[in-house]
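Colleague: The listed protein sequences correspond, in order, to chains L and F.
Sequential numbering of the first sequence, starting at 0, is according to numbering that gives the first Met the number 0.
Sequential numbering of the second sequence, starting at 0, is according to numbering that gives the first Met the number 0.
Calculated directly from the structure, the hints in this document are not laboratory data.
Beta carbons are placed, not taken as given, at the ideal position from N, Cα and C, and that holds for glycine.
Hints should not be assumed to be uniformly reliable.
Listed next, the stretches of chain F that the computed footprint assigns to chain L, with coverage defined by at least 3 CB atoms under 8 Å from CB atoms of chain L [as the list claims (entries may be wrong)]: (1) 12 to 24; (2) 298 to 310; (3) 315 to 324; (4) 393 to 399.
For each label pair, taking beta carbons as the anchor points, the in silico distance ranges come out as [as the list claims (entries may be wrong)]: (5) F:P362 / L:Q66: 53 to 61 Å; (6) L:S173 / F:L297: 38 to 46 Å; (7) L:E216 / F:G399: 26 to 34 Å; (8) L:G135 / F:L297: 30 to 38 Å; (9) F:L14 / L:G13: 36 to 44 Å; (10) F:L297 / L:E4: 53 to 61 Å; (11) L:A64 / F:V3: 43 to 51 Å; (12) F:N294 / L:G115: 33 to 41 Å; (13) F:V3 / L:D214: 47 to 55 Å.
Here is how the chains run, residue by residue.
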Amino acid sequence: MIEVEDLWRTYEMGGHALHALRGVNEVIEDGSHVAIMGPSGSGKSTLLNLLGCLDSPTRGQYKLAGQDVAELSGDALAEIRLHRIGFIFQSFHLVPRLTALQNVELPMIFAGLHPGERRERAEVALVSVDLADRAGHRPNELSGGQKQRVAIARATVMGPGLLLADEPTGNLDSRTGAQVLDLLGRLHDEGRTLVVVTHDPGVARRADRVLVLRDGEIVRRVSGDEVTDLGSLFSSVEDADKVSEQAVQKVGR
Amino acid sequence: MTLVDLLQFAGNALLQNRRRSALSLVGVSIGVVAVVSLTAIGEGGIRFVADQFSSLGASVVIIAPGRNETTGGIPRGIGGIPNDLTLRDSIILERRIQSVRHSVPISVSTDTISFGQRSRNVPIIGATSDFQRLQKLEVASGQFLPEGEADRGDSVVVLGHTVAKELFAAGNPLGMTVRIGGWRMRVIGVLAMRGTQLGMQVDESVFIAVATSMRMANRSSVSRIMLELYPKADPDRAIEQVKKLLIERHDEEDFTCISQDAVLESLSSIIRTIALAIVGIAAISLAVAGIGIMNVMLVSVSERSAEVGLLKAIGATRRQILGVFLVEAATLSMLGGLLGLAAGTGLVLLGNQLYPAVDAATPIWAIVAVMILSLGTGVGFGVLPAWRAANLDPVAALQGH
Ligand SMILES: Nc1ncnc2c1ncn2[C@@H]1O[C@H](COP(=O)(O)OP(=O)(O)O)[C@@H](O)[C@H]1O
Ligand SMILES: [Mg+2]
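Next comes chain F alone, as it looks inside the complex:
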């Protein structure tokens, strides 16, 4: 008896009870759809996050004021003068540390920007010209912030796409003067539309020189310092050097220094953990589907006991009868798996149409795993019914009990 014979026989038997077969098949499909779509979302999410962090080829180190709470340090300002991150820190980091290509101080505040009658409350991002490359900002017209030292404070502004549209409608903002807070600024550039991005709404923001931003907000410190390292630099070593230098300047470790790679890694691992947990739940739903298959097969065996008796009477061995019913269960679960794979893939494609930002795609490992799992479900849960069929007493079975 070949596999083809077994499959033919199984297919025939399953077709005889279409509705019951379909129901248990759908049970498996649901589990498989869950695995296929959830892992796709997980992988898409990881890729989305990775894209959000600039992929310059160079790694980026971010310095924020304050000790990371999780390290259990003393709160800032206790037992000493608070040492915020300053423009000076940024300039010295770029000059003294070899592996730092550019140091970008960033100061974030919010204020009202107005032109004529129109005004709008926006995030004001103070930065330097290098910020453009670091964040891969695209200029639609004009230019980004001019090159020069960080402490240079021109009164110029670059508008995000939405801000420019709201203030100037169809008009050309370049060269026009807008008011931000009480300050007059000349528009020197407009950014291209960016869409939502993790942590920063580029389209809704305006960009000015960091020194100007600090003067406007009457601040002496910056919110962040972003360090762009040379492509071949070792981020861990760079972080060590940065820490040493800043501790020297501040007399204590009153800042947090993390590499972008580390952030990306931990975010990815969180997403992956969540995805795996969900896949675990989906696997449980497959097991439930397996119990469904087992039930269907048990009913089938008892309904078809006369057939089993006949097969024995015409010379089928126990092993052959075991094979007949195992293949039947496996066919059910495998078809359910394939159906679920098709439906899940359809769902993922549909999701990608609706949310193009997350490019979801089911990883190959998940497809292979879920197919093996659904085949295993059928075989595993088919063993008991098949065993029962193979061990039926042929005389009693032929009499129908």
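One chain only, chain L, in its complex shape:
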């Protein structure tokens, strides 16, 4: 379970303070599926990075499975990222010189698993994302959707209970994007907690709950079913326009 209380994240920008998050409160139960929406710069990635123990809050408390994260050492946080959290990024972040299989093996290297076991588990993970035949390919030989599926195999290979995806379909067309979403949906159905940052109402609609961020604050909480169009989500027309504009740009690319 994730418990966040009065979470602030402030950047010092040349003398004046920039509040990326201003007092976020939220509880995310195990096994739930949460989407985070909001205009660009509203603090979505900042919140996700905090939940993933990649960043630490300026103020407030974050408890992961009852443990106050602020009390943990750097090594303990690395351990949590290794075993309990899987990250999925908009730009995939595959290591370009390594093959798909080697990319999936990467977390297991840092976990100190034996090469034989590593290989076996990486192969199984690639099969589960339907890329067994691309194991020996390097990222530049894969399509965007394939890259993201390799990244998902890498994020899940250590068996984490929490998946954090930051605009996972942001660089994909709608067809491959849908494949990736189906895959994430399946991983959620298997019992994992899934938190997805997105601009796409279609993505948000799949979630149990949608958090709407604005200027570092959660301004609305709705259920996924309530997301019909962007206008229904955002209180101001400006925000809705901004978000839909970004969504169109992403798809148009």
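The hints should help you fit chain F with the ligands onto chain L, whose structure is shown.
Modeller: Frame of chain L, contents of chain F with the ligands only:
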């Protein structure tokens, strides 16, 4: 994460940037080549010098006229009759001093040797029969100077290899009469080819009895006296006795007495000092190469900051990331070291082909030292970049800055 994993990861990363890796690797190689070849030349030089001094098993003491200037003595001849070394000195040294097996007086001059129309200016070395063994001279035909007292002055000559060839071409010189200065001498032997040797060109010289040589040059003194000691004799004690005896005879210390071991030792130590100084310079070049590695690694870390961020996101600890980049730097420098070792050894082997006289071989200590040094270079200069990588803020790194 095992060392094998680290090496694999490092190798992969280095291969991605082949040209840059190769350049910094060559930097290390150059330093290592310098160390490997220069120490080889140093050691070869020492061995060369040692070989030049006869390794009879017995030690040799050399007496030269005149006080060694460095001792700050009064110049010879001032305040007294000059007492040069004489044949008599040589004979008495051999008779009176127990540890002296043979005393060989040597008189060196130059003169023209001729046979028929051919003539040539050559060093004339006056010596005794024992000189052959002392200098390990090999006779190709005939014999060396006959045995007998030093003051015996036969009119016979032994020719060096080149001299014999030039005067007689393919003919047999044995028994023929040559002219040296105004003197007629019978050729009784020809030496085998010797090649260049420190201090004496055996092939270009001729050898005659020391007494004859002195008579020819109208001299009463000899240039050197070489004493061959018995194998078990203590050279320091022998030198003491020689000094005492000669001072008694000359009334002053107007000669210099050194053991061959001492000469060899000081020559070797000079060569070794020079070699070490050069190795020092080579070590500095390794340090320069280390700075090159540091630069390459710093660039690599900043280029790969997104990768570092990712490694942190998937659970790599700071120590593991430190290890990744340290091993990368160490791999670079170690490969550079091995490459340099191979190239340096090749160079030494090539040098030995070209100059067989100097049998150069890199000493083991130098190989071990230079390998440790190049590994140390990589690790030492890799610390800063690796530290920087390990301490990157993962969120900023993932965003690529
Ligand atoms: N490393 C940083 N330094 C300074 N400001 C930052 C940094 N990261 C994010 N911000 C600022 O924090 C705010 C929230 O950013 P972010 O969480 O990335 O927004 P979103 O993901 O919703 O687009 C933005 O105003 C952004 O400019
Ligand atoms: Mg973002």
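Colleague: Lying within 38 to 46 Å: is that true of the beta-carbon distance S173 of chain L to L297 of chain F?
Modeller: holds, 42 Å
Colleague: Three or more residues of the region 298 to 310 of chain F near chain L by CB distance under 8 Å?
Modeller: holds (count 5)
Colleague: Could you say whether the range 43 to 51 Å given as a hint is met by the Cβ separation of A64 of chain L and V3 of chain F?
Modeller: violated, 34 Å
Colleague: Quick one: are P362 of chain F and Q66 of chain L within 53 to 61 Å, going by C-beta?
Modeller: Hint holds: Cβ distance 60 Å, inside 53 to 61 Å.
Colleague: Would you check chain L against the region 315 to 324 of chain F, counting CB to CB pairs closer than 8 Å, and say if three or more residues qualify?
Modeller: holds (count 5)
Colleague: Cβ-Cβ distance between L297 of chain F and E4 of chain L: within 53 to 61 Å?
Modeller: violated, 41 Å
Colleague: Given that the region 12 to 24 of chain F was listed as covered by chain L, double-check it with a C-beta distance under 8 Å for 3 or more residues.
Modeller: holds (count 3)
Colleague: Are there three or more residues in the region 393 to 399 of chain F whose C-beta lies within less than 8 Å of some C-beta in chain L?
Modeller: Coverage by chain L holds here, the residue count being 3 at a Cβ distance below 8 Å.
Colleague: N294 of chain F and G115 of chain L, beta-carbon distance inside 33 to 41 Å?
Modeller: At 39 Å between Cβs, range holds.
Colleague: Is 36 to 44 Å a correct range for the gap between the Cβ atoms of L14 of chain F and G13 of chain L?
Modeller: holds, 41 Å
Colleague: Do the Cβ positions of E216 of chain L and G399 of chain F conform to the proposed distance bound of 26 to 34 Å?
Modeller: This hint holds: roughly 28 Å between Cβ atoms.
Colleague: Starting from the range 30 to 38 Å, see whether the pair G135 of chain L and L297 of chain F falls in it by beta-carbon distance.
Modeller: holds, 32 Å
Violated hints, in rising order: 10, 11; the structure is consistent with all others.
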